[in-house]
Amino acid sequence: MGTLKVITGNYAAAEAAAKCRLDLIAAYPITPQSSVVEHLAELVYNGEIDTDMVQVESEHTAMSVVQGGAVAGGRVFTATSAQGLALMYEPYFRMSTLRLPMVMAIATREMTSPETIWSGQQDAVSVREAGWIQMFCDDNQEIADMIVQGYMISEDPEICIPVNVCYDGFYSSHLTSGVIIPDQEEVDKVLPPHRLHHPPILDPDSPLALDPMTPGELLMHYRKSHLEAMQRAQDVIDDVDRRFAQVFGRSYGGMIEEYRCEDADLVLITMGGSTGAGKDAVDAAREKGIAAGLIKIRFYRPFPAKRIAAALKGKKAFCVVDRSVSFGWNCGSMYVETLAALAAGQERYASFSAIGGLGGADISYRDMVAMIERLCQIQDQPGEYDTCWLMKD
Amino acid sequence: MKEIRLHGRGGQGVVKASQIIVRAAVVGGGNGQFIPFFGVERKGSPVFGYLRLSDTEIRRKTQIYEPDMLIIMDDSLVSLPQTYDGLKPGGVILINSTKTLPELAIPDQAGLVAEVDASGISEDIFGRNLPNTAVLGAFAKIVDLVDREILFDEINKAFGEKNVVAARRAFDQVVILRGEL
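Protein chains in written order, with my numbering: chain A, 484 to 876; chain B, 2 to 182.
Mixed in with the good hints there might be a few duds.
What the hints assert, rightly or not - Incomplete in silico selection of chain A near chain B, CB under 7 Å:
id, residue
1, Y654
2, H657
3, Y848
Claimed, not checked - According to the in silico footprint, chain A covers these stretches of chain B (three or more CB under 8 Å from chain A):
id, region
4, 22–36
5, 60–71
Hints in this document: simulated from the structure, not taken from any laboratory.
Where a beta carbon is used, it is the ideal one built from N, C-alpha and C, also for glycine.
Chain A on its own, in the form it takes in the complex (with noise of 0.2 Å):
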């Protein structure tokens, strides 16, 4: 049944981790991600788990020293913000390249310059393409519950991803609620112990040389394969979903959530803590008579393509709400896989990009009622529309 517990996100971050049977932790402080790893510390001191804390210098040495446990058959967890996410960039890649299944939590965080500690999407997001699966979470039990799905997915044999649980910096992981913490007993039915599905193991008995210079023609393949695998994981990330809810009670959609799209004529599309807002925006315009839904991308890699292009069929309008930006284009980056993966479709769209949130501002309910009011007016004329910067003045 799981215990009630009124914590943070990133407590919740840290006591599912508990549940997961953890061989290592590595960790390096970084606002606002500290309590995570700080709570796990505690946790490994008063000897509630039985798990390797390492406390390291670096970022990069933490992602270094859990590679290497991984690599050793562990199961292994770290968190990380902003800059610390930037200075892991190195061994973050490798990680994923090398195939190896962990969870690290990103409490997201607007990246420097200007100097910033606050909110914001661009560091998970700018890493992207780097080959984890990265998923969002809206509130602190989606944090909790994603912990645990995150490495059901992460270790599927036919997976081998690392995974980004990703929650808002301050909006959710200092955000305070119930949240219920799950029973031992239960997190053990729907995640085994782990194993290594590509022996042979680090060993010191029997050494082996990992990770040879390969060449390009034998490298492809490996991508080849590694985007493969990304595809393969909506249907685990589906399945998985629907195995926890078998277990817990709690479903989340998988890929997406849809609320109040099937009669939608106007979509919301957002992701992670704004998603609340959001649908509170939705049914205040449902009160009024006006025929508004919400879709939440809850994993950004792999890209929800076809589920999104499903669920926006036969809408009108709909309009993408970024907490970062893309520097290339003059929208957020959300927005521009979401026409892409409509592009294929006749469907035509009135549709624009939204951005806000940025370095610790807000993303209102205000903000969310004024976007379907713009919807309102560009409904029935298809077409891009100029981008959205939800600034207060």
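We have chain A already, so just place chain B on it with the hints.
For chain B alone, kept in the frame of chain A given last:
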């Protein structure tokens, strides 16, 4: 859903007090949510908190622009324009202060206005200015948003019996400056 905005300074316990209210709401079978908003994390700098209490699921995770209630932990903050900003007509103000209504520059739209000398109570009990648990006691007196005994029980679990004494004293010593309980 009731939206409460808290104003205080780093070190006064805005976050801990709000988490205790959320805990009391959840233990009592309701829903609660609290999001802190820091500038730089150091003692003395202004801290905001966004607290929501509801019988139904709380979905939005945003700042609060039109609060039903303000809890002000430090009366020097009333000179900042953002402190009273957006208070709903008839909204409740609870302030840690011994000043008069004109000195507090209470906005016209406020309904119930209550003050409590939470700093004085905490100085008396702890020898230090730790006003948050006394403010919780005053909160329990003036609004009926969480179960009083559950709240005091959660104060006890978080901070111990002395803080319950502070809360109970504040409960008895709240002064109503405007409106009626």
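- Task: Provide an ascending list of the numbers of those earlier hints which the structure does not satisfy.
- Result: none
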